[in-house]
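Sequences and hints are given; from them, build the entire structure.
Anchor point for the sequence shown: position 204 equals 204 in the UniProt record's numbering, and the numbering is continuous, going up by one each time.
Since the hints were made in silico from the structure, they are not lab data.
We put the beta carbon where it would ideally sit given N, CA and C, even for glycine.
Do not take every clue at face value.
[What the hints assert, rightly or not] Distance windows between CB atoms, simulated:
#1 Ile271 <-> Val91: 25 to 33 Å
#2 Ser22 <-> Arg53: 43 to 51 Å
#3 Gly56 <-> Leu374: 19 to 27 Å
#4 Ala386 <-> Val91: 40 to 48 Å
#5 Val174 <-> Arg78: 41 to 49 Å
#6 Gly396 <-> Val194: 39 to 47 Å
#7 Pro143 <-> His203: 15 to 23 Å
#8 Ala369 <-> Ala393: 21 to 29 Å
#9 Trp95 <-> Ala369: 29 to 37 Å
#10 Gly177 <-> Leu374: 30 to 38 Å
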Amino acid sequence: MPRAPDDEPARPHEGATPPVRSVPGLAAAMAVAMGAGPLIVYSISTLSPVLVRDLGLSSTQYGALATINFAAAALASRQAGRIVDTTGVRVIMWWLILGAAGAVLAAAAAPGYAVLLMAVTASGILTALSNPVTNRLAAHRIPLPHRGMVMGVKQSGVQMSQAAAGLALPALAVLAGWRGAFAVIAGGCLLIGVLLVARYVPHEAPAARLPKSAGTHVPAPVWWLTAFLFLTGAALQGVNFYLPLYGYQQLGLPLGTAGLLAAVVGTVGVIARIGWGALSSRLSGTTALVIVSLGGAVSMSLILLAQHIHPGLVWAGAILLGATGISANVVVMVDVLRVVGPEAVGRASGLVALGMYLGFAMGPVSVGAIVDALGSYTWAWAALVALYVLAAATAGGRARSARAA
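Now the structure itself:
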């Protein structure tokens, strides 16, 4: 199978794509599908000061909510890729929207910690479907000239979810409490998702069912990309999940202002992911991977220094994180379309998503454990700086494997 050399711009696999009602409409539906699954995590993170106080959670217990969510996604990822390759995409998109909104509603009604754990677990399993199904739609339905930009738009759906939670939930919580705020944002997700999927996601016959042995070979660059997403995923969710709480506890920010830290990361990340989607189609895989990972390292350094030099540095770190580190996912997903054919996109996406979700699972609980053990965020943030630096080194392995292929 032909592959673009690492020192050339990405060339997504060519081929005729069936017509769609609207490329922007389908891109919007894909973005909502990407953002629906993690909405529960961003909702919990944004209102973390209230939840931690009301439920009496330790930092480790709080971090376990995200860890269990992403661990469930990791465990489901490989099978999710195979399901997507052999199931109609419209059906899977309905599962995602309805199930994710239902999980947030369950969290809103949760009488205690145990039900919250069940809700984040269910949402994690559904989230595992998001990258494979939207990547399959991109490979099969988006014309080649639009593919890079659409990949950026659909990956930005995660940050749209983060921004929506950060902007809306603090005000809603003042008016209706955290449970009411959760219910409102779940209803919004459900309404928007249903309208977009019903109108823009095409009916598509499932692919021929493949034997279990089919497609087991994975190109070497995909394994390196999996490792890269593991490292950047751990760093990203480690800071994402704790940033509002850090601002509230360590920097003395008011609840609403601390929640805006998540909104800043998410809002900048929406724009950045769209831009990186277009730019990654023109850059070598290694160049894009190194930029986003080293940008993440610098942003984490600024967040770390905010508690020692000046609290204002946390905003600079949040902006830079949104502009660079948060876009590792879109850069990798564009690269996946570069190195595998459309018939294997689901399985390859499932593999790299496995690495990402394992990282997502490790990051929050590790940060929580370090904070509980040492009583400070300093060493937790320093560990995340190191993860981003290691990820930049891993990008070199991806380049060597591409040259050897």
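Taking the hints in turn, this is what the structure says about them:
Between Ile271 and Val91 the Cβ separation comes to about 32 Å, which falls inside the hinted range of 25 to 33 Å. Restraint check, Ser22 to Arg53: a C-beta distance of roughly 45 Å satisfies the suggested window 43 to 51 Å. A hinted range of 19 to 27 Å holds for the C-beta pair Gly56 and Leu374, which are about 21 Å apart. Distance hint for Ala386 and Val91: a CB-CB separation of about 42 Å, consistent with the stated range 40 to 48 Å.
The hinted window of 41 to 49 Å between Val174 and Arg78 holds, with their beta carbons roughly 42 Å apart. Between Gly396 and Val194, the C-beta spacing of about 44 Å keeps the proposed range 39 to 47 Å intact. Separated by about 19 Å at the C-beta atoms, Pro143 and His203 satisfy the suggested range of 15 to 23 Å. Take Ala369 and Ala393: their Cβ atoms lie about 25 Å apart, and the range 21 to 29 Å holds.
The hinted range of 29 to 37 Å is satisfied by Trp95 and Ala369, whose Cβ atoms lie roughly 33 Å apart. Our hint of 30 to 38 Å for Gly177 and Leu374 holds, since their Cβ atoms are close to 33 Å apart.
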